[in-house]
Amino acid sequence: MQGPELFLRGLGIGVPCLVRKGRPAIVDSTMRTYVGHDVFYFSGATERDRFRKDPLRYCRRLTDPVTLKRFTPSRKSPTLEWRGRPYYFANGATRATFASMPDSFAVRKGM
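According to my numbering, the residues represented by the sequence shown are 1220 to 1330, in order.
Calculated from the structure, these hints are not laboratory results. Keep in mind that the hints are not guaranteed to be accurate.
Per label pair, the in silico range of CB-to-CB distance [as the list claims (entries may be wrong)]:
#1 Asp1247 x Ser1319: 34 to 40 Å
#2 Arg1242 x Gly1311: 35 to 41 Å
#3 Arg1228 x Gly1311: 37 to 43 Å
Given the structure is predicted, the values throughout are model-derived calculations rather than measurements. All residues carry an ideal CB built from backbone N, CA and C; glycine is no exception.
I would like the entire structure built from these sequences, with the hints used as guidance.
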């Protein structure tokens, strides 16, 4: 399986930085961070660290790791940190399912 960087470079498309609008992100593992199954890249370490402190400020849509459906997270969205990665859920039921079997849902199938 190839990493997301190789895949994105192979597509030849640019990735925008969510934190610093108008700047391209650096598609490199050092500028990568995950929120659940979603991957984000940044134009620099400052932008990456700012995002990590408050991802909901910048994320418009995320993937619920249980249903794999996209949803708009809010400050009230259920959340859980597992193995150093934050996960957000569309509702409390999917959070409870994830918490009972995190190994089953932490890695997105087909990735």
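Structure-based check of all given hints:
1. Asp1247 x Ser1319: 34 to 40 Å: holds, 35 Å
2. Arg1242 x Gly1311: 35 to 41 Å: holds, 37 Å
3. Arg1228 x Gly1311: 37 to 43 Å: holds, 39 Å
Of the numbered hints given earlier, the model fails none.
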